[in-house]
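Generate the whole structure from the sequences, applying the supplied hints.
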Amino acid sequence: MLDQSKFDKITSDLLKPIRINHSFMVWMGFLGVSLIVCLYAYSVQLDKGMVVTGLRDYVSWGMYISNFVFFVATSLIGMLISAVLGLSGEKWASPLARIAEIIALAFAAVAGLVIISDMGRPERLINVFLYGRIQSPILWDVTVVTFYVLISALFLYVPLIPDLKICYDKMNQLPAYKRNIYKVLSLNWIGSPEQIKIIKQSTRILAILIIPVALAIHTVTSWLFASTTRVGWDSSIFGPYFVTGAFVSGSAAVIIAMFFYRNNFKLQDYITEKHFDKMGKLLVLVSLIYLYFTLNEYMVPGYKMKKFDAMHIHALFTGTHALLFWSVQIFGLVLPIVLLLFKKMRKPLPMLVVALFVICGAWLKRYIIVIPTQEHPFLPIQNVPMNFKIYTPSLTESLISLAPIILVLIIITILSKVVPIIPVHETIEHLEETK
Amino acid sequence: MSEKEENPKNKSRREFIQQVGIVGVGSVLAGSAILAGINYDKKKSTGARIKVLTAENELLEIDRNDATKVGKSKAENLTALQKEGREGIPGKRWVMVVDLSKCKNARKCMSACQGAHQLRPEQHHINVLKMQESKNTPPFYMAKPCQHCDNPPCVAVCPVDATFKRPDGIVLIDNERCIGCRFCIAACPYSARVFNWAEPLLAEEDKDKTYNVELNVPQRKGTVSKCLFSADRLREGKMPYCVSACPNGVYYFGDENEDAVTNGTTKETVRFSKLLEENAGYRLMPELGTKTRVYYLPAKNRTAPFQDKDKLEAEEHLDINNS
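Chains A and B, in that order, give the protein sequences.
In this note's numbering, each residue's number is its place in the first sequence (first place is 1) plus 1.
In this note's numbering, each residue's number is its place in the second sequence (first place is 1) plus 3.
Honestly, the hints are just simulated from the structure, not real lab data.
A few of these clues could be false.
No farther apart than 30 Å at their CA atoms in a straight line, the calculated lysine-lysine pairs in the DSS-like style are these [what the hints assert, rightly or not]:
{"no.": "1", "chain 1": "B", "residue 1": "Lys303", "chain 2": "A", "residue 2": "Lys308"}
{"no.": "2", "chain 1": "B", "residue 1": "Lys303", "chain 2": "B", "residue 2": "Lys270"}
{"no.": "3", "chain 1": "B", "residue 1": "Lys212", "chain 2": "A", "residue 2": "Lys307"}
{"no.": "4", "chain 1": "B", "residue 1": "Lys314", "chain 2": "A", "residue 2": "Lys307"}
{"no.": "5", "chain 1": "B", "residue 1": "Lys95", "chain 2": "B", "residue 2": "Lys277"}
{"no.": "6", "chain 1": "B", "residue 1": "Lys95", "chain 2": "A", "residue 2": "Lys308"}
{"no.": "7", "chain 1": "A", "residue 1": "Lys308", "chain 2": "B", "residue 2": "Lys312"}
{"no.": "8", "chain 1": "A", "residue 1": "Lys171", "chain 2": "A", "residue 2": "Lys17"}
{"no.": "9", "chain 1": "A", "residue 1": "Lys17", "chain 2": "A", "residue 2": "Lys418"}
{"no.": "10", "chain 1": "B", "residue 1": "Lys111", "chain 2": "A", "residue 2": "Lys390"}
{"no.": "11", "chain 1": "B", "residue 1": "Lys224", "chain 2": "A", "residue 2": "Lys305"}
{"no.": "12", "chain 1": "A", "residue 1": "Lys49", "chain 2": "B", "residue 2": "Lys212"}
Every value quoted in this text rests on a predicted model; they were computed, and no experiment measured them.
Here it is as structure tokens:
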């Protein structure tokens with residue numbers, strides 16, 4: 002048996018962040034005010050119509066849709082870290098599982114809201130259920146995203162049950178009603194062998210179940226584009242291309258979250274340099290796969306230069322979007338791969354910087370996938386004003402696009418203030434096993 | 004004694020009230036009878052006998068004034084129009100032929116269409132494009148309406164069945180159902196669709212108008228719109244707005260089942276198959292498998308030259324390898 006005081010230290014270390022302090026209030030106040038500004042922007046769009054955006058008849062999908070793709074993409078990391086690494090016995094990843102699951106849940110839940118901001122008639126959302134056509138990829142997307150949000154919520158909740166009991170037991174300073182919430186949510190957990198068995202089994206089932214669903218959500222999202230005949234979207238590798246891209250942005254999101262939790266929650270003993278090192282290697286791996294798909298995606302049509310492919314590739318390589326395209330490829334993909342090959346770079350602070358570049362690159366990459374294609378339809382764009390030909394996002398649109406990012410931060414902040422961000426029960430269990 | 008004295012007094016008062024009552028009620032009755040008589044007379048004097056067919060298929064003759072028009076509520080009218088709009092016109096397979104050799108870029112088709120469908124100047128159900136395929140091939144004007152594909156990519160992706168293909172070949176949009184996701188715009192290879200980004204031009208005037216799915220009027224903010232082959236005109240037995248408006252005989256319109264198309268300007272009716280055969284008719288981007296219902300006749304022996312001022316714009320879309 003391990004020393005009881007060691008257990009107590011772990012428990013108190015991991016439960017310590019669960020309190021409302023001054024910086025939490027300031028941070029939430031900031032997020033809240035920003036969100037209100039963004040919601041005001043959305044109310045303007047509801048009132049005036051989508052004319053307040055930079056979208057027009059030719060580029061009719063813009064920032065909202067690229068934002069949506071980014072959100073769905075980032076949410077996939079829950080599946081990679083908690084399920085794939087968990088099932089393959091990579092024990093180092095288990096302290097990161099909850100962080101990954103919180104990110105997954107927040108991004109997936111908000112993705113559904115992002116898509117509503119793109120609707121010309123949001124009040125008719127109900128029509129999707131009343132008149133839904135199963136032939137439309139949108140129906141597939143609605144179905145799998147909803148399913149993924151539910152499974153992610155369960156996948157977060159089930160392993161959390163023992164920790165909720167620990168919260169109830171140890172957090173005596175909390176008001177009674179708050180402690181009771183923990184008690185109710187812990188579903189009479191007493192840690193009996195039978196209960197442990199049930200939790201282990203259901204976690205395993207969820208881990209297996211979440212893999213195909215996660216693959217499905219991003220594959221289906223890619224099919225929103227690949228199901229059209231448009232140049233740049235009409236690609237048979239879009240499914241796997243999107244999925245690998247998703248792991249890149251998701252890994253970056255987890256690294257950023259790890260850095261902030263480690264410093265702000267004083268978790269240096271639990272999120273160690275070893276974790277950063279491993280995550281750095283993981284980011285290199287997924288980025289290499291993504292680079293491979295990117296090469297395929299552009300080199301194959303670029304070699305042949307069919308009429309319309311040529312237009313698209315010219316716009317990306319040397320034309321109007323060249324600066325963005327090359328910045329994304331170099332700063333968001335190639336340089337991070339090269340830098341993270343060095344052990345010195347796989348330390349917390351350099352990793353944070355690299356991850357910030359990667360995640361910005363990942364967002365812009367979605368922009369590059371969504372917009373340029375529509376600026377080059379098969380038939381010329383004529384007899385319309387100049388702003389129909391080149392898409393420039395408006396301020397209102399940018400603010401509305403910011404809202405989901407703020408919302409995700411709010412959800413992640415609140416979740417990490419009510420549950421231990423590192424699994425307490427598992428950490429202790431793990432220590433006992435290795436002893 | 005006092006009682007006896009009072010009684011006759013009372014009696015007479017009662018009688019008086021009774022009498023007044025009878026006279027009063029009587030005169031009211033008489034008055035209303037006279038009024039009814041006058042009214043009846045009025046009806047009779049202007050009324051005519053009409054024939055009505057009952058639901059049981061019985062032909063009856065009744066006075067015009069006895070018949071009241073069965074009014075439908077706005078919602079019932081809307082539902083009826085939507086139902087009719089989805090069923091299409093039985094037995095027809097509408098088809099359009101655009102003769103590019105005759106187009107002089109008069110753009111009367113565009114303005115007639117925009118007027119009928121209450122579109123903004125930048126919204127085109129039909130758009131006359133300045134085209135050039137490659138450096139050494141000549142530029143030409145090409146009117147481009149919705150191609151009313153038999154394998155429509157827009158209909159395939161619509162999540163709510165707001166855009167649909169009718170048995171008579173027309174692809175329509177029900178803007179009372181459209182959720183404004185614009186997936187159809189993304190899917191259409193012909194850029195045929197427009198969106199109501201802002202409140203439509205006549206939103207205020209048309210507030211109480213019943214929506215006609217075959218005209219797509221009133222236009223609705225936040226919904227998609229596009230060429231309807233003027234389904235409302237076809238129902239009246241007329242040619243589409245653009246076809247009738249063309250001064251240069253560019254458009255032929257008709258029924259594929261009858262193998263006949265009529266020129267909107269000259270009103271000349273010709274065999275559809277023969278017209279295509281003799282003039283090497285073709286369709287736009289057949290490689291996409293969309294099976295369009297708009298056919299083109301090539302711009303050979305043009306009736307008017309391509310204008311110099313339009314050349315630069317035509318070149319803009321040139322093949323990069325060819326330019």
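Against the structure, the hints come out as follows:
no.	hint	result
1	B:Lys303 <-> A:Lys308	24 Å, holds
2	B:Lys303 <-> B:Lys270	22 Å, holds
3	B:Lys212 <-> A:Lys307	49 Å, violated
4	B:Lys314 <-> A:Lys307	24 Å, holds
5	B:Lys95 <-> B:Lys277	19 Å, holds
6	B:Lys95 <-> A:Lys308	37 Å, violated
7	A:Lys308 <-> B:Lys312	25 Å, holds
8	A:Lys171 <-> A:Lys17	10 Å, holds
9	A:Lys17 <-> A:Lys418	10 Å, holds
10	B:Lys111 <-> A:Lys390	24 Å, holds
11	B:Lys224 <-> A:Lys305	42 Å, violated
12	A:Lys49 <-> B:Lys212	21 Å, holds
Hints 3, 6 and 11 from the list above are not met by this structure, while the remaining hints are.
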